[in-house]
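Respectively, the protein sequence lines represent chains A and B. For the record, in the first sequence the residue sitting at position 246 is 902 according to this note's numbering, with numbers rising by one throughout. For the record, in the second sequence the residue sitting at position 71 is 110 according to this note's numbering, with numbers rising by one throughout.
If you are wondering where the hints come from, they were derived from the structure by calculation, not from laboratory data. One or more of the hints may lead you astray.
Here are the simulated SDA-like pairs of lysine to any residue, each with C-alpha atoms no more than 20 Å apart in a straight line [to be verified]: (1) B:Lys166 with A:Val802; (2) A:Lys977 with B:Ser140; (3) A:Lys977 with B:Glu137; (4) A:Lys1000 with B:Gln59; (5) A:Lys1143 with A:Arg847; (6) A:Lys783 with B:Lys117; (7) A:Lys1004 with B:Ser140; (8) B:Lys93 with B:Gln59; (9) A:Lys970 with B:Lys117; (10) A:Lys677 with A:Lys693.
Okay, the calculated bits of chain A under chain B, using three or more residues with CB under 8 Å as the criterion [said to hold, decoys possible]: (11) 845-858; (12) 919-929; (13) 995-1006.
Note that CB positions come from ideal geometry on N, CA and C, so glycine has one too.
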Amino acid sequence: MEEKALKPQKNTRTIEEINQKIRNGDVQVLTAEEMKKLVESSGVEVAFREVDVVTTGTFGAMCSSGAIVNIGHPDPPIKLENAWMNDVPICHPGAAVDLYIGASAMSTTQPYEYGGGHLIEDLVAGKEVELKANSYGTDCYPRTQVKTNLTKDDLNQFYLLNFRNCYQHYNCAVNSRDETIYTYMGKLLPRMRNATFSGAGELNPLMNDPDYETIGIGTRIFLGGTQGYVIGEGTQHEASSLNGTLMVRGNAKKMSPEFLRGAAFTRYGTTLYVGLGIPIPILNEGLARKTAIRDEEIFTNVVDYGVPRRDRPKLARVSYKELKSGGVTVGDRRIRVSSLSSLKKARKIAGTLKDWIVQGEFFLSAPVERLPLDGVFKSMKQTEAIVFVVNVMQKAVTCRETDAVSAIAKRIVTKSVNHIVVVDEQGKLTGIVTSWDITRALAEGKDALAEIVTRHVFTAKPDEPLETASKRLAQHNISALPVIDNKNKVLGIVTSEDISKQLGRK
Amino acid sequence: MVRILLKFSEQTVEQPIVSQIILDLKVPLNILTAYVNSKGGEVLAEIPDEALEKVVAAFRMRNVTVSLPKLIEVDTEKCISCGSCVALCPVEAITLDEEYSVVFDKEKCVGSTCSACVDACPARAIKSVKQNNHELHSSR
Ligand code: SF4
Ligand code: SF4
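Here chain B stands alone, though its shape is the one from the complex (with noise of 0.2 Å):
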């Protein structure tokens, strides 16, 4: 699977665009999050690796911005199990087992567009990096 990030604009929010394309393409598109309003919004989603030129293209024919989010690695090398990162983390995607190591829950994470627990580890141990060398053509 990969994630996606999609924009939507002021102009672009109020249509649903979404569920066309999954009904045009076929595609199971599965909603992350979403933060929308009149003002536009954005909504991160997971579709299969094998699909993603096909509705990135399908979007961006749309007016609809379309990104790669980065993904959020821990290095357990680096990591001191300090815990600072615990508390940041809005949809608990990192936790203390009971020998106060730290478990990072992947599946969990939302990912670069929200990485509020990066800047705040002290052994610089949390980077985002790119999902397995996916790279989108001309960005918008």
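The shape of chain A in the complex, shown without the other chains (with noise of 0.2 Å):
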């Protein structure tokens, strides 16, 4: 007591106070997990006393992703115009022989199956990979072809250079269509029969450090497997919403395939999956308190997919917590939810991250500047205008299920249409005839609608793409279809007349 009352208790420490602990051997590290528990049981004020630095972690689909190569130069030189690495088009944005392998671009030969992702990991691996080049010539790079083969030993310098990884949080997609459909949020069952979500709540580093206190440029972090560096705020960097993101940079050659994954997604292309873990000094009692965040207390939209539009509908608001207790709430519905991303590796990143430092491998960094905190993440400014399915649609002609075949026969004619939107006293869809089925049943003699009407319908929204709705139509080869709102009611029809016209014109 009397001790504690001659040394007044500090309420900050310094990043080369921890690193100087770190020397000594005597730092106190804590995953963010386990501080989430010791804030819990002890509180802020003992947390902050006891521990000097939280780890995070999450390992996750990072498309934005890739790696800058230097080949060096063969003999006679070559001005790279074209390359190709395993098949996969590799960027030539520099000079002669510098090139950036983008994660998401896919094989020539083995489309949405191999790609730039894949080639990091089997260089990252140490497996020889077969490059192949082409150039129009110059008077000092007189070569216009090349091939060889190469590992990442005969490469000058092989960095990961990632320009947005490590999202603070993200949507829980879910698909409301009548199909199947695949996203770079995986497959998504119709009728919304399950959810996907990505990102590792409570262990994502972003989330422990929300304000940026600590994370900023120059920031020592665990990528791929090795020590990195965070060189700014990756693009659409939005920390005002919790949308915050970092560009990042570290030596693949350094790098192990457990945290560095090419990535196949079905129908929509290849990715990497990234391992990155960011260690949060814990400076002030301010981010003891910021570190012990909870599931629970991370919030994200589940995302209507089925909607092929930017600005996607918001179904509902869900926490970390239910994301990971493996199903989500929407409506009075349960729906099944799977994550994208490892937790598995989020955990055992933000471990390892913990060991390096316990074990005196890893030094903390102060960061040289700050990351924005007000940048905002706008849309795309259109100069063309895009056409949606409100814009070309029509009154629908309809008929209700009780009229007869004949009446039916007449308003075709009065009408001049081919489609008739049979609908219920609400007005909601139940099923639609076409001119040529009523021809048929007249000729059958049929008079009840009910024996002709056909009731699997296929539809279309308004607020839909035309480009969308006209590509439905093609798959089934059909030539109209009624146009509904979320509650099945008919607000007009759109047929494949009106959508020529309408793309004939532009």
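Once you've looked at the hints, go ahead and assemble the two chains, each given alone in its own frame, into the complex.
Structure below.
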């Protein structure tokens, strides 16, 4: 007691002090999950006093990733124009032999199955890859063709250079359509029979330092199994809405395929799973409190990816606690949900980073510059107008199921239409009949509509781009789609004739 | 045990073929899944390895199409434990344990007749494989 009174408690600590403790071997490190437990049991004050560093981690598909490679000059030299590695087209943005492998570039021979992400993984794993390139030839770089096999040891530089990683949180995706869709959020079954989400929640680095007190340019991090750096905010970074992102760099020659994996999303494309972890120095009580954030305090939206628009409808708000429990509630429905990013690996990354620090292999660095807190993620400025279903749909000619075929035949003639939409007393869609159905019914002497109506009807939504509606017509080989609202009420009809007129006008 | 997939046509679905064969051959036939309606049906069943040939012959004689469905396997080396496959499985053959490792229950999985998880695996760790070297001659 007495001693305490003489030596007042400090209410801050510095990164230099923490690094000294790492050198001395008495640094106190907890993973983010352990920190939450400690704060819960002992409070923020104790946690601040006892803990120097909290480690975080995430392992997920991060498409805006890639690697810079310098492949050296052949003799005679070449100024690369087009290059492929294992048939993956490689970007050539700079001087003669500098290349950028984009994670989402797809192989020309195995598209959707092998891509830049897999290529990076193969190189990291020490495998040999085939380089093919051509060029137009210059006086100083006369060569026009080159073909060779390379491993990472043959490369001068091989750096992971990711321009958007580590999304702070992300949507939970469902699909309201009648068909399975394949998206960057994975396979989404029809009629919301499953949901997917991404992100590590309470383990996510940015969630544990939401005000970017310690994460900035120059922060040393865990990247792909080795040490890397934050080099700035990522593209689309928006700290204010908890949509922060990071731009990072690390020496890929030292990385491990355990934390860097190529991946294939069916009918979407290829990508790279990146393992990333950040140590948060507990410089003050505020950071002790922030690193105690729990999954139940982190929310995201359930978003309908069945709607092919930029601003997709948000159907519910859910916490990461619910997401990790395997099911979310939307309206009165319970939907099973899967993670797309690996929580197991996220934990392993936080644990590995902790071990590195405790063993004196990893020192913390103070950022040389803060990341912006006020940036806004703007949408694309569009100079060309997009046509939506609502712009071309017409009033639908409707009938009731109880109407006689002969009466409908008359309506087809007077209104000169080919499709009659069948509705109930509330104007909700129950079926469709075509002039062809009617002709046949008349020929066969049938007069009950119920016998000829098509009940499985493909539909369109008013706010959907005309292009996707047009694709649906072609896919099912039909010529019209009733346009309905969310309650199945008929708003109009869009026909292939209207669509071709519209597209012809362009 | 070996799994066989039986396809019944509109004509054969009405007849009590499965029970007839169980009685005739005295072979235990364990039905795993069955989707049947008036237009035909599909039955996935399990029988002892040694009975395969005679059971297949008996079904084919009664105009039932028989094939060997493939089994689903998860390559644990390739699996990145993302969990994408979990919510897609209709029979909960894939689950996550408390460490978020993926646990695959081969017994529960209905095999290649389902395959819902296969094209959803970003690591391509889920494969369908032939049942231990069984082959059917002249399939129909
Ligand atoms: S094949 Fe079907 S039943 Fe088997 S594990 Fe995959 S989803 Fe489940
Ligand atoms: S989807 Fe593939 S990689 Fe992901 S957990 Fe399932 S088997 Fe493993």
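Evaluation of the provided hints:
{"no.": "1", "hint": "B:Lys166 with A:Val802", "in the structure": "37 Å, violated"}
{"no.": "2", "hint": "A:Lys977 with B:Ser140", "in the structure": "18 Å, holds"}
{"no.": "3", "hint": "A:Lys977 with B:Glu137", "in the structure": "14 Å, holds"}
{"no.": "4", "hint": "A:Lys1000 with B:Gln59", "in the structure": "50 Å, violated"}
{"no.": "5", "hint": "A:Lys1143 with A:Arg847", "in the structure": "14 Å, holds"}
{"no.": "6", "hint": "A:Lys783 with B:Lys117", "in the structure": "16 Å, holds"}
{"no.": "7", "hint": "A:Lys1004 with B:Ser140", "in the structure": "12 Å, holds"}
{"no.": "8", "hint": "B:Lys93 with B:Gln59", "in the structure": "14 Å, holds"}
{"no.": "9", "hint": "A:Lys970 with B:Lys117", "in the structure": "34 Å, violated"}
{"no.": "10", "hint": "A:Lys677 with A:Lys693", "in the structure": "23 Å, violated"}
{"no.": "11", "hint": "845-858", "in the structure": "holds (count 4)"}
{"no.": "12", "hint": "919-929", "in the structure": "holds (count 6)"}
{"no.": "13", "hint": "995-1006", "in the structure": "holds (count 8)"}
The structure shown violates the earlier hints numbered 1, 4, 9, 10.
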